[in-house]
Amino acid sequence: APVSGRLLVFIAKGSGAKRVSINEWRPNATWVAARNVHDLDPGASIDIDTDRIAFPKPFSDLHSGTYEVQAVLDVDHTYNYSGLTAGD
Numbered sequence: 019a020p021v022s023g024r025l026l027v028f029i030a031k032g033s034g035a036k037r038v039s040i041n042e043w044r045p046n047a048t049w050v051a052a053r054n055v056h057d058l059d060p061g062a063s064i065d066i067d068t069d070r071i072a073f074p075k076p077f078s079d080l081h082s083g084t085y086e087v088q089a090v091l092d093v094d095h096t097y098n099y100s101g102l103t104a105g106d
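Here this note's numbering is used: the first residue of the sequence shown is 19, the next is one more, and so on.
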């Protein structure tokens, strides 16, 4: 069934982490871009402008290096309050 929510793309320097997310003690260590999606079919692809809605800076400002990336579809719009939940 199609899903809707807020697509969050996290990127942080390094490799080997099981999860990439915001660290409240190092808020600039992980960058995040976001986009609302509506009626996304399973297996479908979607484009996201990682410079348009991004924190702390547009992804195009990242320097060359090794990064980990994680995408999360926040279907209930609670990631900002409770982090990753079972439905995301």
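Bear in mind the hints are in silico, worked out from the structure with no lab data behind them. A hint or two may mislead.
What the hints assert, rightly or not - Restricting the straight-line Cα-Cα distance to at most 20 Å, the calculated cross-link-like pairs of lysine to aspartate or glutamate (DMTMM-like) are: (1) LYS31 - GLU42; (2) LYS31 - GLU86; (3) LYS36 - GLU86; (4) LYS36 - ASP92; (5) LYS75 - GLU42; (6) LYS31 - ASP94; (7) LYS31 - ASP69; (8) LYS75 - ASP59; (9) LYS75 - GLU86.
Said to hold, decoys possible - DEER-style ranges, computed between Cβ atoms: (10) ASN41 - LEU91: 30 to 38 Å; (11) ALA89 - ALA19: 33 to 41 Å; (12) LYS36 - VAL93: 16 to 24 Å.
The beta carbon of each residue, even a glycine, is placed where N, CA and C say it ideally should be.
Inset, instruction - Please write out, lowest number first, the hints stated earlier that are contradicted by the structure. - result: 6, 8, 10 and 11
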